Amino acid sequence: MKRWTVFALFFAAFVVTWEILVRKGIWPPVMVPSPVDIGKYFIASIQDRSLLDASYVTLKRLLLGYAIGLAAGLPLGLLNARFKICADTLGLLALGLQTLPSVCWAPLALLWFGQTEAAIFFIVVMGSVWSIALATDAGVRNVPPIYARAARTMGSSGLHTWLKVIFPASLPFIVSGMKQGWAFAWRSLMAAEIYVIILTGFGLGTVLHFGRENHAMDQVLGIMIVIVLIGLLADKIMFAPMERFLHRRWGTAK
Amino acid sequence: MTVDTELLNVPPEKLVVEGVSKTFRTQRGSVHALDNVSLHVREGEFVCLVGPSGCGKSTLLNIIAGLEMPDTGKVLADGKAVTGAGSDRMMMFQESALFPWLDVMGNVLFGLKLKPALRNKERREVAKFYLQLVGLEKFMRSNIHELSGGMKQRVALARALAPNPRVLLMDEPFASLDALTREQLYGDIQEIWAKRQKTIVFVTHNVREAACLGDRVVLFSPHPGRIQEQFTVDLPRPRDISSVDLAKYSTEITRALKRHLKPEAVGEGE
Ligand SMILES: Nc1ncnc2c1ncn2[C@@H]1O[C@H](COP(=O)(O)OP(=O)(O)OP(=O)(O)O)[C@@H](O)[C@H]1O
Ligand SMILES: [Mg+2]
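Protein chains in written order, with the working numbering: chain R, 68 to 321; chain Y, 175 to 444.
These are calculated hints, taken from the structure and not from any lab test.
Computed from a predicted structure; not experimentally measured.
Every residue gets a Cβ at the ideal spot worked out from N, C-alpha and C, and that includes glycine.
It is possible that part of the hints are untrue.
[Claimed, not checked] Only some residues are given here: those of chain Y computed to face chain R with a beta carbon under 8 Å:
| id | residue |
| --- | --- |
| 1 | A239 |
| 2 | M265 |
| 3 | P274 |
| 4 | W275 |
| 5 | N317 |
Hey, can you work out the whole structure from these sequences and the hints?
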């Protein structure tokens, strides 16, 4: 709890200093909106629901796209680890495409799918699938062979060994790959939303983009804060419990 | 099975190792781990393998378990050629090989869950029984990394015993236990072996331990791994590790070891 008190004090001091700097005119309000202005933007945008709608659109895209990336990336990684032919084809492809920031797919995605949700999903999936596949692959390859041998003398074989031994044994790798995949998906989604207008729904990135067009920096900063909060929340809700479990079981905690 | 063995009423051989050789090839050359090793184990027999480090004892167990294939020779279990691992020949590894993603109970349950005839409640009861046997029922919910080396070995023992395999292949299972626990487990393992009619192949560096547990002690020599001599231990059971009769056997075996092998490799008893 002490950690949180320290952080709350730091944060309060930061906001107050910021407010004072803007009020005194040291930071011109045109350049930097004051915290009070941002607060006003939050109240207004929650009241007219624009912020909630945009958050909903964005979260839907993120979660669905990430789920598709996960559903494709995990089996792909297992295949790459299991079959040499997959490693030499899809594995190398994954390695190459992982280096490509997935917003680079935007022009093609728009061409193929038009200004629709499908185009955005495509970009998000491309952002997450490769790093998840690569991490799963690496995880499986790093499983000590003794585990599979032990399982085999207890009568495990084939799919059972993969599901009950190889997969759980590679979880530490897989979870860190999932985390990386999430970060990539989140970044590429924001880049895509700022960069292209999707007609089927306005997400947080789009609202941020409009804020720029209208030179409403309180809106821009407000959206930025929401983006940070969503990132933190995802970490706390999805990954922190998984990591805590892994640390406890494997004994790798600090 | 030939007519002769039928007529002589010899009990069927549980394990047959016939002319097995194995060479490991690595980048730094090859190691001749086993050279023309033949070993016959009767149903219900307790066989101990002793020999200095690196003489191929673990390799032989792996081959009997079906985890590794011999270069030449054959292995039969119940008269059938061994082509892969199976739960009828349970291996207990030299290193504990416990699964870190499961707790102690989960590890002991792993083999039991592969037995479809059991119900879940029965599985848990069996697992608890064996955890009690090795004195770890209080640590049922512990994570593997929270156990000491000897505790891990005891969990591995419980995990190997729980599915009640006909054949147990044990690779230095008591190496990192304290003397007291070990002595208690000598009693337990003899009891389980006798009650459940198990066939056990047991690797150890401790000659006294081998004489205490084995119906037969098989002596290996290294480079390449060969069987040098075999001793039949004709003592009533249950045997006490510190008995005088047993000491006679272990002295004899130790002397043979020293005769065949480099003396630094093995010592008698503790
Ligand atoms: N996978 C492997 N690759 C290469 N060499 C191996 C391999 N496994 C075993 N060996 C070699 O084979 C020989 C026999 O090894 P093994 O593990 O069977 O010995 P051991 O009798 O069990 O020894 P210890 O008593 O120390 O456990 C050793 O010289 C070892 O270096
Ligand atoms: Mg060994």
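Taking each numbered hint in turn, which are not upheld by the structure, reported in ascending numerical order?
none
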